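Student: Just add 143 to the spot in the sequence shown (first one is 1) and you have this note's numbering.
Hints listed in this document are in silico derivations from the structure and should not be mistaken for laboratory results.
Watch out, some of these pointers could steer you wrong.
As the list claims (entries may be wrong) - Calculated lysine to any residue pairs in the SDA-like style (CA-CA distance at most 25 Å, straight line): (1) K468 <-> K416; (2) K245 <-> E214; (3) K372 <-> I419; (4) K202 <-> I419; (5) K382 <-> M361; (6) K416 <-> V151; (7) K182 <-> V151; (8) K185 <-> V155; (9) K416 <-> M405; (10) K372 <-> G449; (11) K468 <-> I419; (12) K506 <-> A286; (13) K454 <-> K436.
Claimed, not checked - Using C-beta positions, here's what the derived DEER-type ranges look like: (14) L376 <-> R397: 15 to 25 Å; (15) E360 <-> K174: 29 to 39 Å; (16) G449 <-> P188: 52 to 62 Å; (17) G233 <-> S386: 29 to 39 Å; (18) T427 <-> M289: 53 to 63 Å.
Because the structure is a prediction, the values reported are computed rather than measured.
For glycine and all other residues, C-beta sits at the position ideal for the given N, C-alpha and C.
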Amino acid sequence: MKEAGYKVAPWVDEMLAAGNKSFYKVEAGVKYSYDPASKTYKPLPGGEAFIVMSNYTDKQIWKNGSCKLYELGDDVLGLQWFTKMGSIGGDVLSGIQTAIDKAEKNYKGLVIANEGPNFSAGANVGMIFMLAIDQEYDELDMAIRMFQNTMMRVRYSAIPVVTAPHGLALGGACELSLHSDKCCPAAETYTGLVELGVGLIPGGGGTKEFVLRASDEMHEDEPETITLKNRFLSIATAKVATSAHEGFGLGVYRKGLDEVVMNQGRRIAEAKKSVIEIYDSGYTTPVQRKDIKVLGQSALGALYSGIHAMKTANYATEHDSVVAKKLAYVMCGGDLSEQTLVSEQYLLDLEREAFLSLCGEKKTLERIQSVLKSGRPIRN
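Assemble the whole structure, with the sequences as input and the hints as a guide.
Tutor: Given below as structure tokens:
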């Protein structure tokens, strides 16, 4: 300004003379602005409602190749990762496990969020494709187990875990939301279990969780197959909620528990507040479920006939029906002769087995390859 011939306010010269080089600065995640009256820096009014994890670099306590873990203050940890499209691979899964381990020892809880354009587009399909092409089925089995175990760790940790998704939260990211103690999605969140599009079924606990929720929604005064059919169709048609509010109708978010945040910049602060509220209300580790009602052959026959009708009417391809039948088999608890109560682990094992078998299908691999090359699956 001086070079251009303008006068500068005296307080600016005073600020610079005191060794201050910027009007704003960030310390311990809090943004401050220079106050000419007191000649000191003061926190920006209302700043506590906005948390930017990257501002907490001086509070970073752990990192690996993809993740960083921060202390967000008030005994709450925050985890974010920096992969392409927020994809969830081995590094991210071990990051979630490590973050929960550290939170259980010394903190009240954990917030999981990202600051990129999207929360996450799901599991790393490139890794799945490479392992499947090389027929490394033992490695693939280990990878699916790790994903499932991480989701179950999120559900059955000793501290509350709250996710704050935004943008895309598809596939594996949707499964993470399903297993969290609470979800604080931004209003502009696109979420859903989209694995059927690439010829797979949700393999990280998503299928299991939809069966569990369908079981909890069954009423005595209506056919038991209705809730299961609705959940089955959500996965089989790869439905995506085009807003967080639509996510409630899709059954991803839970009414009365999960909370939509209208201002995307506030979602991490809201998630942190939720962690503290859940902890202070006396959080205890949930008990693993062994009372999930599966319908066996009675529902399997109905779903199979529906799949056959869709294929006959050319609404679904031959391979679509192969994948949908695997999904139906898992969601009905297998080929059981009568209704039975099963455990979560029983359903996870069925889910993993179906996922692995589909990774050996040529047409599934063609779909995954198409997604990796062009960003969209082919209809084969």
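Student: Could you run down the list of hints and mark each one as holding or not?
Tutor: A quick look at each hint next to the structure:
no.	hint	verdict
1	K468 <-> K416	violated, 43 Å
2	K245 <-> E214	holds, 11 Å
3	K372 <-> I419	violated, 37 Å
4	K202 <-> I419	holds, 19 Å
5	K382 <-> M361	holds, 22 Å
6	K416 <-> V151	violated, 42 Å
7	K182 <-> V151	holds, 17 Å
8	K185 <-> V155	holds, 16 Å
9	K416 <-> M405	holds, 16 Å
10	K372 <-> G449	holds, 10 Å
11	K468 <-> I419	violated, 43 Å
12	K506 <-> A286	holds, 21 Å
13	K454 <-> K436	violated, 29 Å
14	L376 <-> R397: 15 to 25 Å	holds, 19 Å
15	E360 <-> K174: 29 to 39 Å	violated, 44 Å
16	G449 <-> P188: 52 to 62 Å	holds, 57 Å
17	G233 <-> S386: 29 to 39 Å	holds, 32 Å
18	T427 <-> M289: 53 to 63 Å	violated, 26 Å
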